[in-house]
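Asker: Starting from the structure of chain A, add chain B where the hints point.
Each protein sequence line maps, in turn, to chains A and B.
Taking our numbering, the leading residue of the first sequence gets 91, the next gets one more, and so forth.
Taking our numbering, the leading residue of the second sequence gets 91, the next gets one more, and so forth.
Hint data in this document are derived by calculation from the structure and do not stem from the laboratory.
Please note that a few of the clues may not be correct.
To be verified - With the Cβ distance kept under 8 Å, some of the chain A side facing chain B (calculated, not the full set):
1) ARG242
2) LEU269
3) ALA272
4) LEU274
5) GLU275
6) LEU318
7) HIS387
8) CYS394
9) GLU395
10) THR402
11) PRO404
12) LEU411
As the list claims (entries may be wrong) - Label-pair restraints from in silico Cβ distances:
13) B:ARG233 - A:ILE375: 31 to 41 Å
14) A:THR197 - B:ARG309: 44 to 54 Å
15) B:GLU386 - A:ALA246: 19 to 29 Å
16) B:GLU239 - A:ARG368: 46 to 56 Å
17) A:ARG368 - B:ASP199: 48 to 58 Å
Where a beta carbon is used, it is the ideal one built from N, C-alpha and C, also for glycine.
Protein chains: 2
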Amino acid sequence: MGSPETALALTLSARQASDFELLSNGGFAPLEGFMGAADWRSVCERMRLESGEIWSIPITLATDLEASAGDVVELSAPNGKRLGRLEVSEVFDRDVDTEAELVYRTTDDEHPGVAAIRREGTRCLAGPIEAVALPDHEKAFARRYLTPEESRKAFADRGWKRIVAFQTRNPIHRAHEYLTKAALEVSDGLFLHPLIGETKEGDIPADVRMRCYEILMERYYHPERVILGVNPAKMHYAGPREAVLHAIIRRNYGCTHFIVGRDHAGVGDYYGTYDAQRIFDDIDIGELGIEPLFFEHTFWCQDCEGMASDKTCPHPQESHLFLSGTKVREMLSRGETPPHEFTREEVAAILMDAYGKESATDGR
Amino acid sequence: MGSPETALALTLSARQASDFELLSNGGFAPLEGFMGAADWRSVCERMRLESGEIWSIPITLATDLEASAGDVVELSAPNGKRLGRLEVSEVFDRDVDTEAELVYRTTDDEHPGVAAIRREGTRCLAGPIEAVALPDHEKAFARRYLTPEESRKAFADRGWKRIVAFQTRNPIHRAHEYLTKAALEVSDGLFLHPLIGETKEGDIPADVRMRCYEILMERYYHPERVILGVNPAKMHYAGPREAVLHAIIRRNYGCTHFIVGRDHAGVGDYYGTYDAQRIFDDIDIGELGIEPLFFEHTFWCQDCEGMASDKTCPHPQESHLFLSGTKVREMLSRGETPPHEFTREEVAAILMDAYGKESATDGR
Chain A
91 MGSPETALAL
101 TLSARQASDF
111 ELLSNGGFAP
121 LEGFMGAADW
131 RSVCERMRLE
141 SGEIWSIPIT
151 LATDLEASAG
161 DVVELSAPNG
171 KRLGRLEVSE
181 VFDRDVDTEA
191 ELVYRTTDDE
201 HPGVAAIRRE
211 GTRCLAGPIE
221 AVALPDHEKA
231 FARRYLTPEE
241 SRKAFADRGW
251 KRIVAFQTRN
261 PIHRAHEYLT
271 KAALEVSDGL
281 FLHPLIGETK
291 EGDIPADVRM
301 RCYEILMERY
311 YHPERVILGV
321 NPAKMHYAGP
331 REAVLHAIIR
341 RNYGCTHFIV
351 GRDHAGVGDY
361 YGTYDAQRIF
371 DDIDIGELGI
381 EPLFFEHTFW
391 CQDCEGMASD
401 KTCPHPQESH
411 LFLSGTKVRE
421 MLSRGETPPH
431 EFTREEVAAI
441 LMDAYGKESA
451 TDGR
Chain B
91 MGSPETALAL
101 TLSARQASDF
111 ELLSNGGFAP
121 LEGFMGAADW
131 RSVCERMRLE
141 SGEIWSIPIT
151 LATDLEASAG
161 DVVELSAPNG
171 KRLGRLEVSE
181 VFDRDVDTEA
191 ELVYRTTDDE
201 HPGVAAIRRE
211 GTRCLAGPIE
221 AVALPDHEKA
231 FARRYLTPEE
241 SRKAFADRGW
251 KRIVAFQTRN
261 PIHRAHEYLT
271 KAALEVSDGL
281 FLHPLIGETK
291 EGDIPADVRM
301 RCYEILMERY
311 YHPERVILGV
321 NPAKMHYAGP
331 REAVLHAIIR
341 RNYGCTHFIV
351 GRDHAGVGDY
361 YGTYDAQRIF
371 DDIDIGELGI
381 EPLFFEHTFW
391 CQDCEGMASD
401 KTCPHPQESH
411 LFLSGTKVRE
421 MLSRGETPPH
431 EFTREEVAAI
441 LMDAYGKESA
451 TDGR
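Looking at chain A on its own, in the form it has when it is part of the complex (with noise of 0.2 Å):
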């Protein structure tokens, strides 16, 4: 404080305060500050931190500030807020094109996690961080917001033993309710975990999906069974690796189960539909300490009379209720209501709310 070593000063972006948030309360654990070289290399090389454990994307600081080793950086959010501190412990380039093909299997530009980490460039600062506050976040968001510790206790002060988390960057329209459903059913309790950090442009913005939880947690979960929490995560689009983090920060948040359903965390065409299931069957899961819950496509099936999936339903997909994403958003655009077997008509007119306005923005 005051001493020349605190002079430099750096203003992270909204995604690096992301990484900062969780490295700080515990969702990256054991991680304790961003990569230095040789955990970025063994990271992007064999899935692992250099001391062994598992750990599938790096989590770095790239920034153009000059400072060297031994340098105390001051951190603060992208509002100015003071974050903490950066003990530099190392300077070093990163490959990006070796961290695009080994993380995200491809080098395309076009590919958003990987045009991200593009943007940020080569020159990573690393070493442990101190925080001294945690980034702001919305009101809508701050109530639901638990940290890893006191997510543990609410589900120990529930009695939850299996308790099984659910990633999400949609609306929960009744597809995934029902896996949510089925995984709860064999579980004590449920962790809807949204996440709300950084996403790409085109998805639907945290605060209109969070008026959609609300309402299904008002009206649709069991309150003593489910608990809303919000993930600071930004989006990779990393598919099969960032399935694998996304376990892990649920595994650090208390969980016992992960949901991992059809092409998880993918973008486009750049993943296999199963890849990010398949990848765990090269990883221990004792080792990684959270198991996860494989799922398929799931529907409602006129014949079945309720939701079902490719596994548990036989019958011919013109029994099965399909709408397309692109489908979805030109009704909602046009105020009309999708099938209450797609998606419950309370989220409906959450979402043909936010539409509506987003079209009246545009012009429309």
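Answerer: Showing chain B alone in chain A's frame:
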């Protein structure tokens, strides 16, 4: 063969033949014969074999046949079919009241399992068996007969690693279909494994049940994800202790998970609704070798617009379709189809047919 030692012969009861069958086909592994005094006591008192392995219900051969250690007894099925032989290693008296108290948690003669062991008596022949044949089964069962070795192969051939087993002695209504499918959603395959051994009077006969299972296999379960086999075991109605035995049997058939619902293997009011789940709290699941999946009360909920449970549905009871067993039997006897949200119409038709015939036989 023909030597003086083989002069002894015993025709097994249907219940004993059921035990013989599971001892022979590996369903009762690691048992290789009928238990002696040390195992009997150890199982009653500490739910373990003398060797330390978990075992929950004594498998003993009570008979008045005069025999001594060293004798060989030829065993045959109730229909006279020669099954194999018992090498008598020990003759001992079991204390039926002790077994009733410790295993069945009651000495009440009204309990069908307790009544059965009282009828069998105290004097037991113990020793390893050697099988030359298995008991015959009706064609409807025989075509679905799989030994543990065969079911393991069937699972392996399909590449299933996570296999959930469902025990039942009842028709599968939608509540049961729902829980089997919820369990299947988080597994690779489902093993429907109805019990076809002796059940108590008033239970629906196995042949009628088989017709219900077959039509569900044809119309509502996915052929690539579900295997129907038959379990030759008899019912003990021992609730918690029998839930453990049912799990052990399915472990031997190659399953990794086992569904335990409300009042599993219970009868009357002898056991608390969730006693058969709680018993697993004190069992090392790794040692047991199969993981129980616990389910609560399931039903159709109008507000959920689907099947749900006390865990997953927050709506009031008025929204739930509930029919007592008595009510359903009355409807079926009168030829009234229960609501399609309660049971599939194809199942209702089979049961109405069976109940109609039964009523006709009753002279009505």
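Asker: Would you mind marking each hint as holding or not holding in the structure?
Answerer: Cross-check of the supplied hints:
1. Violation of the interface hint for ARG242 (chain A) is found here, the shortest Cβ-Cβ separation to chain B being roughly 21 Å, above the 8 Å cut-off.
2. Satisfaction of the interface hint for LEU269 (chain A) is found here, the shortest Cβ-Cβ separation to chain B being roughly 7 Å, below the 8 Å cut-off.
3. Contact between ALA272 (chain A) and chain B, as hinted, is supported at the beta carbon level, the nearest pair being about 4 Å apart and thus within 8 Å.
4. With a least beta-carbon distance of about 5 Å to chain B, the hint placing LEU274 (chain A) at the interface is held under the 8 Å criterion.
5. Because the closest C-beta pair between GLU275 (chain A) and chain B is about 4 Å apart, less than 8 Å, the hint holds.
6. Violation of the interface hint for LEU318 (chain A) is found here, the shortest Cβ-Cβ separation to chain B being roughly 13 Å, above the 8 Å cut-off.
7. With 8 Å as the threshold, the beta carbon of HIS387 (chain A) stays out of range of chain B, its nearest partner Cβ sitting at about 11 Å, so the hint is violated.
8. Because the smallest distance between the Cβ of CYS394 (chain A) and any Cβ of chain B comes to about 7 Å, under 8 Å, the interface hint for this residue holds.
9. The criterion of a C-beta within 8 Å of any C-beta in chain B is met by GLU395 (chain A), whose closest approach is roughly 7 Å, and the hint holds.
10. With 8 Å as the threshold, the beta carbon of THR402 (chain A) comes within range of chain B, its nearest partner Cβ sitting at about 4 Å, so the hint holds.
11. The criterion of a C-beta within 8 Å of any C-beta in chain B is met by PRO404 (chain A), whose closest approach is roughly 4 Å, and the hint holds.
12. For LEU411 (chain A), the shortest C-beta to C-beta distance to chain B is roughly 12 Å, which exceeds 8 Å, and the interface hint is violated.
13. Look at ARG233 (chain B) against ILE375 (chain A): about 37 Å separates their beta carbons, and that is inside 31 to 41 Å.
14. Distance hint check: the CB atoms of THR197 (chain A) and ARG309 (chain B) are about 49 Å apart, consistent with the given range 44 to 54 Å.
15. Distance hint for GLU386 (chain B) and ALA246 (chain A): a CB-CB separation of about 21 Å, consistent with the stated range 19 to 29 Å.
16. The hint said 46 to 56 Å for the Cβ distance between GLU239 (chain B) and ARG368 (chain A), and at roughly 29 Å that hint is violated.
17. Judged by the Cβ atoms, the range 48 to 58 Å given for ARG368 (chain A) and ASP199 (chain B) holds: they are separated by roughly 57 Å.
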